[in-house]
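Trainee: These protein sequences, in sequence, are chains A and B. Letter 37 of the first sequence, counting from 1, is numbered 37 in our numbering, and no numbers are missing. Letter 174 of the second sequence, counting from 1, is numbered 174 in our numbering, and no numbers are missing.
Possibly wrong hints are sitting among the right ones.
With a cut-off of at most 25 Å between alpha-carbon atoms, the simulated SDA-like pairs for lysine to any residue come out as follows [said to hold, decoys possible]:
1. B:Lys63 to A:Gln84
2. B:Lys128 to A:Arg67
3. B:Lys5 to A:Arg120
4. B:Lys40 to A:Gln84
5. B:Lys5 to B:Arg26
6. A:Lys93 to A:Lys126
7. A:Lys93 to B:Leu47
8. A:Lys59 to B:Asp52
9. A:Lys59 to B:Leu23
10. B:Lys108 to B:Ser90
11. B:Lys5 to A:Arg125
12. B:Lys108 to B:Asp52
13. B:Lys40 to A:Gly87
14. B:Lys128 to A:Arg120
15. B:Lys128 to A:Asp54
16. A:Lys73 to B:Asp61
17. B:Lys108 to B:Lys40
18. B:Lys40 to B:Asp61
19. A:Lys126 to B:Lys5
20. A:Lys73 to A:Pro107
21. B:Lys40 to A:Asp88
22. A:Lys59 to B:Met80
23. B:Lys108 to A:Ser55
24. A:Lys59 to B:Arg48
25. A:Lys59 to A:Glu71
26. B:Lys181 to B:Asn39
27. A:Lys59 to B:Lys108
28. A:Lys59 to B:Val18
29. A:Lys59 to B:Glu168
30. B:Lys63 to B:Asp49
31. A:Lys73 to B:Lys5
32. A:Lys93 to A:Asp136
33. B:Lys40 to A:Leu91
34. B:Lys128 to A:Ile117
35. B:Lys108 to A:Arg63
36. B:Lys128 to B:Lys5
Worth flagging that the hints you see were computed from the coordinates, not collected in a lab.
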Amino acid sequence: MRCLVFVVLFFSFPASAAIDAYPFPNDGLRDRHKVLIDELRCPQCLNTNLAGSDSMIAKDLRREVHRLLLEGKSDEEILDFMYQRYGDFILYKPRLQGGTLVLWFGPPVLLIITVFILIRLLVARKGRRLVMDKSDTDRLKELIGKN
Amino acid sequence: MTVNKSLLIPLVVFALLVFVLSLGFRLEDPHFLPSELINKPFPEFQLRDLHDPERLITQNDLKGEVSLANVWATWCPNCMVEHPELMRISRDEDISLYGINYNDESVKAIAWLRRYENPFLFNIVDDKGTLAIDLGVYGAPETFVIDTDGVIQYRHVGALTREIWDSEIFPVVALLRAEQKKANTGHEITGRSKTGSEK
Numbered sequence: 001m002r003c004l005v006f007v008v009l010f011f012s013f014p015a016s017a018a019i020d021a022y023p024f025p026n027d028g029l030r031d032r033h034k035v036l037i038d039e040l041r042c043p044q045c046l047n048t049n050l051a052g053s054d055s056m057i058a059k060d061l062r063r064e065v066h067r068l069l070l071e072g073k074s075d076e077e078i079l080d081f082m083y084q085r086y087g088d089f090i091l092y093k094p095r096l097q098g099g100t101l102v103l104w105f106g107p108p109v110l111l112i113i114t115v116f117i118l119i120r121l122l123v124a125r126k127g128r129r130l131v132m133d134k135s136d137t138d139r140l141k142e143l144i145g146k147n
Numbered sequence: 001m002t003v004n005k006s007l008l009i010p011l012v013v014f015a016l017l018v019f020v021l022s023l024g025f026r027l028e029d030p031h032f033l034p035s036e037l038i039n040k041p042f043p044e045f046q047l048r049d050l051h052d053p054e055r056l057i058t059q060n061d062l063k064g065e066v067s068l069a070n071v072w073a074t075w076c077p078n079c080m081v082e083h084p085e086l087m088r089i090s091r092d093e094d095i096s097l098y099g100i101n102y103n104d105e106s107v108k109a110i111a112w113l114r115r116y117e118n119p120f121l122f123n124i125v126d127d128k129g130t131l132a133i134d135l136g137v138y139g140a141p142e143t144f145v146i147d148t149d150g151v152i153q154y155r156h157v158g159a160l161t162r163e164i165w166d167s168e169i170f171p172v173v174a175l176l177r178a179e180q181k182k183a184n185t186g187h188e189i190t191g192r193s194k195t196g197s198e199k
């Protein structure tokens, strides 16, 4: 029994959603294909990449990436090809331009603002020491009945 | 009365949050992708005619008048839904309607059109989906408005309805035709002024 478990564990492989049998002349192209379909977003799905989607368009686009790779296109050219057809949506790593500035710089700007507010608050709290003058101590003595 | 200003911070944060979230609610369907091809020429292609496989259709066949190109398939349920509206447009509206049969089997497509009637002037066979990718199609049906020069002017994703025709497609078509007419009469006027100066 233990032996069987061992065998099963040893010979199990990680599952992958999309299995296309694309022939690649070398492992370099295969790896780039994998990286590209991981990085491109399926246009029909809200949050799945091309690699993880079973939709028809994702299948077509995986085939298209394969075709472009075999044609000798660079990664940048392939991303461009997709961008020209599907726009910002298809890139999980959005390009740095007008409409995506908020995406790139929003979080760090918010972080800086938060740190700034935090420091201001802490400094303000530190400055607000309890200072008692003569009238306060008199009143205190009066209240606790020690004269 | 003095107000501790730091007490206002949560209020401001809350107001900001409300603002950002209300923007999020006002966004339309998050599935919607704006088309990258608006104002760009219809992509080049060379594909067979569904009913006449000998004939090759190219982007030039879509030029010359304001027209509609509809991406459809027999496997697409919403194409069935919009079919009556396409029939109405082909019957009642004065506009050329072309079909792009997307990722389909031609035998099935021909049978489908015979069974439900054919609203298209001709059908482009895009059985590999290559033209659809060049058009940035991400789901059928999609309808493109093409101007006289073969430039894409508008795209609608999803089934066409009478409301969408009235509110989205027809205004674009009417505007393009008005511009076209203006451009034509503009030529005539400049032509006339030339002859006038000659006199």
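Trainee: Determine for every hint whether it applies to the structure shown.
Mentor: Here's how the hints hold up against the structure:
1. B:Lys63 to A:Gln84: Status holds; Cα separation ~22 Å.
2. B:Lys128 to A:Arg67: holds, 12 Å
3. B:Lys5 to A:Arg120: Judged against 25 Å, a Cα distance of about 12 Å means the pair holds.
4. B:Lys40 to A:Gln84: holds, 11 Å
5. B:Lys5 to B:Arg26: violated, 32 Å
6. A:Lys93 to A:Lys126: violated, 43 Å
7. A:Lys93 to B:Leu47: Violated - the C-alpha atoms of B:Leu47 and A:Lys93 are around 34 Å apart, more than 25 Å.
8. A:Lys59 to B:Asp52: Given that 25 Å is the threshold and the Cα spacing comes to 28 Å, the pair is violated.
9. A:Lys59 to B:Leu23: Given pair A:Lys59, B:Leu23 is violated - Cα atoms ~33 Å apart, limit 25 Å.
10. B:Lys108 to B:Ser90: holds, 22 Å
11. B:Lys5 to A:Arg125: At roughly 13 Å apart (the allowed maximum being 25 Å), A:Arg125 and B:Lys5 satisfy the hint.
12. B:Lys108 to B:Asp52: holds, 15 Å
13. B:Lys40 to A:Gly87: holds, 14 Å
14. B:Lys128 to A:Arg120: violated, 62 Å
15. B:Lys128 to A:Asp54: This hinted pair holds, its Cα atoms lying about 17 Å apart.
16. A:Lys73 to B:Asp61: At roughly 30 Å apart (the allowed maximum being 25 Å), B:Asp61 and A:Lys73 break the hint.
17. B:Lys108 to B:Lys40: Roughly 32 Å between the alpha carbons, so the hint for B:Lys108 and B:Lys40 is violated.
18. B:Lys40 to B:Asp61: holds, 16 Å
19. A:Lys126 to B:Lys5: With Cα atoms ~16 Å apart, A:Lys126 and B:Lys5 stay inside 25 Å; holds.
20. A:Lys73 to A:Pro107: Status violated; Cα separation ~34 Å.
21. B:Lys40 to A:Asp88: holds, 17 Å
22. A:Lys59 to B:Met80: At roughly 23 Å apart (the allowed maximum being 25 Å), B:Met80 and A:Lys59 satisfy the hint.
23. B:Lys108 to A:Ser55: Status holds; Cα separation ~21 Å.
24. A:Lys59 to B:Arg48: Cα-Cα ~23 Å, so holds.
25. A:Lys59 to A:Glu71: Holds, because 19 Å separates the two Cα atoms, which is no more than 25 Å.
26. B:Lys181 to B:Asn39: Roughly 19 Å between the alpha carbons, so the hint for B:Lys181 and B:Asn39 holds.
27. A:Lys59 to B:Lys108: This hinted pair holds, its Cα atoms lying about 21 Å apart.
28. A:Lys59 to B:Val18: violated, 40 Å
29. A:Lys59 to B:Glu168: It is violated: about 31 Å lies between the C-alpha atoms, which goes past 25 Å.
30. B:Lys63 to B:Asp49: holds, 16 Å
31. A:Lys73 to B:Lys5: At roughly 59 Å apart (the allowed maximum being 25 Å), B:Lys5 and A:Lys73 break the hint.
32. A:Lys93 to A:Asp136: This hinted pair is violated, its Cα atoms lying about 62 Å apart.
33. B:Lys40 to A:Leu91: Status holds; Cα separation ~21 Å.
34. B:Lys128 to A:Ile117: violated, 57 Å
35. B:Lys108 to A:Arg63: holds, 24 Å
36. B:Lys128 to B:Lys5: Since the Cα atoms of B:Lys128 and B:Lys5 sit roughly 64 Å apart, the hinted pair is violated (cutoff 25 Å).
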